[in-house]
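Turn these sequences into a full structure, and let the hints steer you where they fit.
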Amino acid sequence: MIARYPLALISSEHQGRHHASHIPLFRVADRSLFGHVDRRNPQFQGRGRFPARLVFMGPQSYIPPEAYRSRLLPTWNYVAVHMDVEIEVLDDLESARRALRDTCERLQPPQAPFQYQAADPRVIANAPHILGLRIHVLHEEGRFKLSQDKTPADQQAALDHLLRRDEAAERALLEELLRFAETAEPAHG
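Those letters in the sequence shown? Residues 2 to 190, per the numbering used here, in order.
Simulated restraints on C-beta separations: (1) Pro66 / Arg28: 37 to 43 Å; (2) His137 / Glu14: 17 to 23 Å; (3) Pro43 / Arg107: 25 to 31 Å; (4) Arg54 / His130: 23 to 29 Å; (5) Arg180 / Pro65: 18 to 24 Å; (6) Glu67 / His140: 36 to 42 Å; (7) His83 / Arg166: 23 to 29 Å; (8) Gln149 / Gln16: 40 to 46 Å.
It is worth saying that the hints were derived from the structure and are not from the lab. The C-beta atom is built at its ideal place from N, Cα and C for all residues, glycine as well.
Shown next as structure tokens:
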């Protein structure tokens, strides 16, 4: 899910203040994450390593009461990943360039006009203003509400509701619901 929804909410405390930043983060082979932030971001200034909580929000959608066959209240279905992590702030030019390069390689389509090049004047001008991030995952937990607490008939009704609406965000949630339905045990009720 993180590969499809890389924008993380990073929550931490520093000098008695709570901070939160929205930063795209990407997994690497050793299951750690990388990203980069603006050097002026107070959440990361003057810090080497610190603990934080990450939240990645995946697909989500409102399910109205009329979507169900039973008389139920409205709900919100969603998929998320929560992580307890240690963030390592990389305050050197090479780490900033590497984070920019790796982010562009993950997100820029190959045919797009901009392709990362270390000699690009924009890279040269902006890299000194960036901090690289290496994030070590200590604990990871998937969280979801996919109508799994409903009867099979109401689960199907929620799926049908999403199919009728056919919006992009709801389509993604529908895919998650279908994957869940394939692996879940039947509801006992």
